[in-house]
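S.K.: Next come the chains, spelled out residue by residue.
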Amino acid sequence: MAAEASGAQDDAARARALAGYQILDTPPERDFDELARLAARLCDAPIAMIGLLDGERLWFKSRLGWDAVSAPREASPCSHVVASRGPLVVEDAAADPRFARSPLVLGPPGMRFYAGSPLLTPEGHAIGALCVIDRAPRGLLAEQAEALGALARQAMLLLELRRRKQELRQSNTERTGVQRALRESEERYHDLFEGASDLIQAVSPEGRFLYTNRAWREALGYAAPEVEALRFFDVVHPEHRGEATDLMQWVLEGGDVHTAQLVLASKDGRPIVAEGSLSCKRIDGRPVATRAILRDVTERRRAEERLRASEARTRSILDNMLGGLITIDGKARIESVNRAAERIFGYRQDELVGRQLTELVPDVPGQDKWTFLKAALPKALGRVTEWEGRRKGGQVFPFELSMFEFETDAGRRFAGSIHDASERREVERLKKEFVATVSHELRTPLTSIRGSLRLLASGVLGELAGEAREVLEIADRNALRLIGLINDILDLERLESGRLEMQFEETAVDDVLRRSVEAVRGVAEQQGIRLELRPTAERAWADPQRLVQVVVNLVGNAIKFSAPGQSVTLEAEARPPFVEVRVIDHGRGIPEALREAVFERFKQVEASDAREKGGTGMGLAICKAIVERHGGEIGVLSEEGKGSTFYFRVPAADAREARAS
Amino acid sequence: VKILIIDDEDDIRRIARLSLGRVGGMEVVEAGGGAEGVRKADAERPDAILLDVMMPGLDGPATLALLRAGETTAKIPVMFLTAKAMAAEVERLKALGALAVLTKPFDPMRLASEVRAALERAR
Numbered sequence: 001m002a003a004e005a006s007g008a009q010d011d012a013a014r015a016r017a018l019a020g021y022q023i024l025d026t027p028p029e030r031d032f033d034e035l036a037r038l039a040a041r042l043c044d045a046p047i048a049m050i051g052l053l054d055g056e057r058l059w060f061k062s063r064l065g066w067d068a069v070s071a072p073r074e075a076s077p078c079s080h081v082v083a084s085r086g087p088l089v090v091e092d093a094a095a096d097p098r099f100a101r102s103p104l105v106l107g108p109p110g111m112r113f114y115a116g117s118p119l120l121t122p123e124g125h126a127i128g129a130l131c132v133i134d135r136a137p138r139g140l141l142a143e144q145a146e147a148l149g150a151l152a153r154q155a156m157l158l159l160e161l162r163r164r165k166q167e168l169r170q171s172n173t174e175r176t177g178v179q180r181a182l183r184e185s186e187e188r189y190h191d192l193f194e195g196a197s198d199l200i201q202a203v204s205p206e207g208r209f210l211y212t213n214r215a216w217r218e219a220l221g222y223a224a225p226e227v228e229a230l231r232f233f234d235v236v237h238p239e240h241r242g243e244a245t246d247l248m249q250w251v252l253e254g255g256d257v258h259t260a261q262l263v264l265a266s267k268d269g270r271p272i273v274a275e276g277s278l279s280c281k282r283i284d285g286r287p288v289a290t291r292a293i294l295r296d297v298t299e300r301r302r303a304e305e306r307l308r309a310s311e312a313r314t315r316s317i318l319d320n321m322l323g324g325l326i327t328i329d330g331k332a333r334i335e336s337v338n339r340a341a342e343r344i345f346g347y348r349q350d351e352l353v354g355r356q357l358t359e360l361v362p363d364v365p366g367q368d369k370w371t372f373l374k375a376a377l378p379k380a381l382g383r384v385t386e387w388e389g390r391r392k393g394g395q396v397f398p399f400e401l402s403m404f405e406f407e408t409d410a411g412r413r414f415a416g417s418i419h420d421a422s423e424r425r426e427v428e429r430l431k432k433e434f435v436a437t438v439s440h441e442l443r444t445p446l447t448s449i450r451g452s453l454r455l456l457a458s459g460v461l462g463e464l465a466g467e468a469r470e471v472l473e474i475a476d477r478n479a480l481r482l483i484g485l486i487n488d489i490l491d492l493e494r495l496e497s498g499r500l501e502m503q504f505e506e507t508a509v510d511d512v513l514r515r516s517v518e519a520v521r522g523v524a525e526q527q528g529i530r531l532e533l534r535p536t537a538e539r540a541w542a543d544p545q546r547l548v549q550v551v552v553n554l555v556g557n558a559i560k561f562s563a564p565g566q567s568v569t570l571e572a573e574a575r576p577p578f579v580e581v582r583v584i585d586h587g588r589g590i591p592e593a594l595r596e597a598v599f600e601r602f603k604q605v606e607a608s609d610a611r612e613k614g615g616t617g618m619g620l621a622i623c624k625a626i627v628e629r630h631g632g633e634i635g636v637l638s639e640e641g642k643g644s645t646f647y648f649r650v651p652a653a654d655a656r657e658a659r660a661s
Numbered sequence: 662v663k664i665l666i667i668d669d670e671d672d673i674r675r676i677a678r679l680s681l682g683r684v685g686g687m688e689v690v691e692a693g694g695g696a697e698g699v700r701k702a703d704a705e706r707p708d709a710i711l712l713d714v715m716m717p718g719l720d721g722p723a724t725l726a727l728l729r730a731g732e733t734t735a736k737i738p739v740m741f742l743t744a745k746a747m748a749a750e751v752e753r754l755k756a757l758g759a760l761a762v763l764t765k766p767f768d769p770m771r772l773a774s775e776v777r778a779a780l781e782r783a784r
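Going down the list, the sequences are from chains A and B.
With my numbering, letter number 84 in the first sequence gets 84, and the count goes up by one each step, no holes.
With my numbering, letter number 70 in the second sequence gets 731, and the count goes up by one each step, no holes.
Simulated from the structure, these hints should not be mistaken for lab results.
Errors might be hidden in some of the hints.
Covered, in the sense of this in silico footprint (three residues per stretch, anywhere, with C-beta under 8 Å from a C-beta of chain B), are these stretches of chain A [what the hints assert, rightly or not]: (1) 445 to 453; (2) 457 to 466.
Simulated crosslink set (EDC-like; lysine to aspartate or glutamate; CA at most 16 Å straight-line) [unchecked claim]: (3) B:K745 x A:E433; (4) B:K745 x A:E441; (5) B:K745 x B:D720; (6) A:K432 x B:E750; (7) B:K745 x A:E501; (8) B:K745 x A:D488; (9) B:K745 x A:D491.
None of these values were measured; they are calculated from a predicted model.
Yeah, the Cβ is synthetic: ideal placement off N, Cα and C, and Gly gets one too.
Produce the complete structure using the sequences and hints provided.
M.R.: See the structure below:
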């Protein structure tokens, strides 16, 4: 049992030893075949084989004289050679009970004589045998037995040699593979670095460049050979050397920097702002290179700088505006306010941003502020509206608001342009008061003057002599003119400030013309002027009182500047969407240069006109203001020496209906 | 016809007195202010009162209110005299219960006839 177990252990070790030679199932080799041939010749046998015992088979590396690849283990005497690790000679196998029934004896090769010598590894394992076979019984000479043993050792040496050679080849192959892989890897990294858009550099602790990639060289403008002569600080912008020194020192001492900024200088001196990471390579704890992977952010920095400058400019404009500006989001939350808005409302920006707009509005009686705002804000879109605001101290004041909307990344936003109207309101109030006062203060003494003069001139207080009466009439006439002037100034002031109430209604233009003619008939007759009125069916949307005022003024002027016997014509015509009224005279006309100017206050064709023709010089200015309040226009066509046609246009009644529907 | 003129301006009162008296043949009583006007109205029982609007102390509308409140003066027709000729102002004064609103400067030759016309319209 122990022998069997030991035999089994031996078998396993032997199999491992055999496997080490990597010989099984390889093609025949000349070296082995020559050994076999030598064995056959020396032993004078027709068959010589080199067999290796592999499990249950005997595999033949060399087969001389018998063309068999393998034989069953038990059939061959070789297994006995292997088991005994010593030579074996069988003179007649047919007579030997161990082999008499072997297929090698009964079948091919018809073995009768066998001589084998073991193949022993340097460790002492028998892995096979070199044998010679004859088909007739015979013996083996001692020299032949010795030669067979020697050839078996030679075969073993050959196997050993072959294994060494294989091992050598294997190791060579392996080595070449590693080198190629290494080379490929290097190339890959090189390509990667060279092709990278980042600026990559490796710098020795002394400042020499160990490596720079293409992007680095292109950005800085150096050719590869030039870089060799450079030192790191040659490419640092002179104004930033201090910080670069600190940075390099830090990295060499072992710090890694992931978001470093270096300002480099290109060959032609341009600053290049580079951002990236820096690290230090060490061997045995000593720094050998600093490595940097940087990105050229000059352009981005410049764009950021421009954006910042533009924002600062916009901010500066907004902050220096006299008007307030508040932006709100879709929920009326304040997003920004400018300085003027801070001043107007008395809050600081940080007190307002994020708060609701309702904070800036006083309580609305009987209404929720928010509901009020939601309804009122849209009315301010695109136009100026009047509001009441509440300052920080609670003071309520009037302001004008116009809103516009705009889109942002964060959605729709509204901006309100704000003007504090309290000052203007105060000025308006003072002006109104002033006008009323002037009106009263001037009219009161004028009432007395005019009254006195009228009473004197009328004779109810006693008749006056010729010249005295004449002088009195001059005084009376001028008092009247002064009253007219005051009335006109007040009228114009009220018209231009929009405080003159207009009563618009559908107005028969014919009616207006007739009433006007009535009003001036006396003057026309006095001057010997014929008034011609052309009937019209046109209807205007107008204040008839004010329209009469305009026509009376125009006809009055026409009469003043016509010669006795001449006519003044009044007519009207539809000029959709307007009605055009014309007052035509045949007087002296108006020089072209003055045709616009006559509608300005105190502008008359000749300086003496006011004195000679009467009038205040305000008439046409008032006409223009009235017509413009109607949304119409006024003008004059004239030919010097041949007369003038004054015309004005006011909206036709049907045009208004069309608009309304 | 007896007319009471209430106006703080002496000159205006004089002109009005001449206009109404000499031109219109009316009897004229004067008062230089609202309070005096109310006393005079009670004492004299005029047929109509010409009342200035802007006066120191009691102004026109206040005087009118006092006249309306007085038993003896409540029914006397009152005409305002004003230097403010704006339509809105005229409407406001009429709404206070004045018979007419006459504007300054008035024509002294026509003042009496305007007063008479207003009184006739009221009758």
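S.K.: Indicate, hint by hint, whether the structure satisfies it.
M.R.: Right, here's what the structure says about each hint:
1. Counting residues of the stretch 445 to 453 of chain A whose CB lies closer than 8 Å to any CB of chain B gives 7, which reaches the minimum of 3, so the coverage claim holds.
2. Proximity of the stretch 457 to 466 of chain A to chain B, defined as three or more residues with a beta carbon under 8 Å from a beta carbon of that chain, is established by the 3 residues found.
3. Only pairs whose Cα atoms come within 16 Å are accepted, and B:K745 paired with A:E433 is accepted, the gap being roughly 12 Å.
4. For the hint linking B:K745 to A:E441, the alpha-carbon distance of about 11 Å falls within 16 Å, and the restraint holds.
5. Of the pairs offered as hints, the one joining B:K745 and B:D720 holds, with about 14 Å between alpha carbons and a cut-off of 16 Å not exceeded.
6. Pair hint A:K432 plus B:E750 holds up; C-alpha atoms about 13 Å apart against a cutoff of 16 Å.
7. Distance check on the hinted pair: B:K745 and A:E501 sit about 15 Å apart at the alpha-carbon level, within 16 Å; holds.
8. Between B:K745 and A:D488, the direct Cα distance comes to roughly 13 Å. Compliance with the 16 Å bound is thereby established for this hinted pair.
9. A C-alpha spacing of about 12 Å is found between B:K745 and A:D491, which places the hinted pair at or below 16 Å, so the restraint holds.
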